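The sequence shown begins at 1 in this note's numbering and counts up by one.
No lab work stands behind these hints: they were computed from the structure.
Remember, it's a predicted structure, so these values are computed and weren't measured experimentally.
Warning: the hint list may mix true and false statements.
[Stated by the list, open to error] Capping the alpha-carbon separation at 27 angstroms, the derived lysine-lysine pairs in DSSO-like fashion look like this: (1) 233 x 19; (2) 234 x 19; (3) 92 x 255; (4) 92 x 262; (5) 262 x 439.
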Amino acid sequence: MTTDATRTITTVNPTTGIKLADYPSWSTEEVESALTRVSAAAQTWADVPLPARVERVRRLAQVLRDRAGALAERITSEMGKPTAEAIAEVEKSAVTAEWYADNAERILADEHVEVEGATAWIAHEPVGVILAVMPWNFPVWQVMRHVAPNLAAGNAILLKHSPNVTGSALLLEEVLAEAGFPHGLLTVAVVAEPEVPQTIADIIADDRIAAVTLTGSNRAGAAVGAAAGRASKKSVLELGGSDAFVVLSDADVEKAAAAAVKARFMNSGQSCVCAKRFLVAADVAEQFCSLFQSGVESLVVGDPAEPGTNVGPVAREDLRAQLHDQVQRSVTAGATVVTGGHALEQPGYFYAPTLVVGARPGIPVFDEETFGPVAALTVAEDDDELVRLANASRFGLGLSIWSRDEARATRVARRITSGQVFINSIVASDPRVPFGGTKQSGYGRELSIDGIREFTNTRTYWVAR
Numbered sequence: 001m002t003t004d005a006t007r008t009i010t011t012v013n014p015t016t017g018i019k020l021a022d023y024p025s026w027s028t029e030e031v032e033s034a035l036t037r038v039s040a041a042a043q044t045w046a047d048v049p050l051p052a053r054v055e056r057v058r059r060l061a062q063v064l065r066d067r068a069g070a071l072a073e074r075i076t077s078e079m080g081k082p083t084a085e086a087i088a089e090v091e092k093s094a095v096t097a098e099w100y101a102d103n104a105e106r107i108l109a110d111e112h113v114e115v116e117g118a119t120a121w122i123a124h125e126p127v128g129v130i131l132a133v134m135p136w137n138f139p140v141w142q143v144m145r146h147v148a149p150n151l152a153a154g155n156a157i158l159l160k161h162s163p164n165v166t167g168s169a170l171l172l173e174e175v176l177a178e179a180g181f182p183h184g185l186l187t188v189a190v191v192a193e194p195e196v197p198q199t200i201a202d203i204i205a206d207d208r209i210a211a212v213t214l215t216g217s218n219r220a221g222a223a224v225g226a227a228a229g230r231a232s233k234k235s236v237l238e239l240g241g242s243d244a245f246v247v248l249s250d251a252d253v254e255k256a257a258a259a260a261v262k263a264r265f266m267n268s269g270q271s272c273v274c275a276k277r278f279l280v281a282a283d284v285a286e287q288f289c290s291l292f293q294s295g296v297e298s299l300v301v302g303d304p305a306e307p308g309t310n311v312g313p314v315a316r317e318d319l320r321a322q323l324h325d326q327v328q329r330s331v332t333a334g335a336t337v338v339t340g341g342h343a344l345e346q347p348g349y350f351y352a353p354t355l356v357v358g359a360r361p362g363i364p365v366f367d368e369e370t371f372g373p374v375a376a377l378t379v380a381e382d383d384d385e386l387v388r389l390a391n392a393s394r395f396g397l398g399l400s401i402w403s404r405d406e407a408r409a410t411r412v413a414r415r416i417t418s419g420q421v422f423i424n425s426i427v428a429s430d431p432r433v434p435f436g437g438t439k440q441s442g443y444g445r446e447l448s449i450d451g452i453r454e455f456t457n458t459r460t461y462w463v464a465r
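Using the sequences and the accompanying hints, generate a full structural model.
Here it is as structure tokens:
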């Protein structure tokens with residue numbers, strides 16, 4: 001939160017509701033100083049040979065592992081992620097840095113083109129400073145999946161992280177310094193919530209910023225995308241999601257139901273790629289619903305620092321209130337809560353793992369992104385209705401389909417709009433394959449080859465003979 005009198009960012013432990021730290025919001029002069037610093041670092045870094053940049057990224061992976069305990073502790077204290085998941089988040093960031101260290105030279109190598117009468121090639125060159133506007137739900141991974149490829153590509157990053165994970169952002173600055181990157185190459189902008197819209201718009205308009213990437217809400221994405229468009233600068237947006245988890249009539253129901261619990265309630269349900277709408281064929285609906293409900297009710301809710309905890313708190317009090325409002329409006333619209341559906345009476349921002357059945361288009365838990373431990377289940381008569389319901393969303397990020405017939409599942413998937421499809425698996429991100437959305441889930445791609453080339457200048461060289 002941000003105090004009105006001082007414009008100080010105050011981080012709060014969502015497990016206890018107790019204040020963690022205060023951070024003074026930057027002045028206009030401090031923003032200008034940061035732009036000067038990161039721009040100078042970008043120019044220096046772009047001149048470093050690619051092999052040397054790659055080795056520094058490899059060192060980053062090691063430092064992330066060395067500092068995993070401290071990073072995980074900061075993640076858990078600031079946004080409530082269970083410690084085991086926080087450690088896994090740091091490890092995934094290290095794996096991604098290693099993947100780019102192993103592959104960046106191949107991906108960014110000059111591509112020679114055969115033309116008559118000339119020597120021609122395509123180069124992928126640094127563009128400069130990238131503004132990264134990042135969310136709180138994966139405080140390290142969301143940043144590192146952007147930072148690792150861009151550092152390898154020769155760019156610098158000005159990071160505007162979510163205020164409630166300011167401590168995590170500043171710790172990442174320390175990690176990069178320990179890995180030996182030049183001062184300012186990753187610069188964290190500490191901006192109080194009321195000043196964010198205007199400050200971000202001003203930064204995007206600044207000539208020292210080459211491009212912008214945002215992971216966050218549709219409202220924030222619309223503002224950032226519009227500002228980038230006015231400045232004629234490239235943007236990549238990874239926005240909301242209401243992913244469909246589709247269970248066909250021939251699915252292995254036990255495996256699908258077990259996976260459904262993990263798909264919805266990982267990170268306490270606070271992920272853009274968490275499955276949120278569970279669309280189940282009528283032939284297996286009763287069995288699936290029973291198993292799914294049992295799995296939801298067996299989840300252990302509690303202190304995320306405790307080893308046995310499955311679900312921690314919602315990250316902020318206002319987000320918990322918003323989630324409960326979505327559930328209440330859904331019940332009013334005709335859905336039914338079969339388990340959960342209420343805040344827990346204890347310190348912190350805990351919400352009971354919830355299953356809502358009878359969700360259809362027009363009901364909030366079906367139409368809106370629910371960012372927390374709430375699952376919405378819908379029964380469909382056949383594959384055609386499953387397809388129609390899966391597409392009845394303004395979002396299009398991920399899709400999970402369950403069937404014993406891979407060909408059938410693939411046929412169904414091709415009829416549903418999404419950025420990625422996972423068959424008999426939950427939706428996830430992996431550095432080896434591109435990640436991104438369709439429709440109002442955003443545009444552009446992160447990770448893999450696309451992720452490192454998104455913010456390079458694909459430049460043609462043509463030398464006449």
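* Keeping to a limit of 27 angstroms between CA atoms, is the pair of residue 234 and residue 19 held or broken? -> Roughly 38 angstroms separates the two Cα atoms, so the pair is violated.
* Asked: Between residue 233 and residue 19, does the CA-CA distance stay at or below 27 angstroms?
  -> Since the Cα atoms of residue 233 and residue 19 sit roughly 38 angstroms apart, the hinted pair is violated (cutoff 27 angstroms).
* **Given pair status - residue 262, residue 92, alpha carbons within 27 angstroms** => At roughly 17 angstroms apart (the allowed maximum being 27 angstroms), residue 262 and residue 92 satisfy the hint.
* For the pair supplied as a hint, residue 92 and residue 255, confirm whether the alpha-carbon distance does not exceed 27 angstroms. => Holds: residue 92 and residue 255 sit about 25 angstroms apart, inside 27 angstroms.
* Decide if the proposed pair is consistent with the structure: residue 262 and residue 439, CA atoms, cutoff 27 angstroms inclusive. => Answer holds: residue 262 to residue 439 is near 25 angstroms, not above 27 angstroms.
Hints 1, 2 from the earlier list are contradicted by this structure; the remaining hints agree with it.
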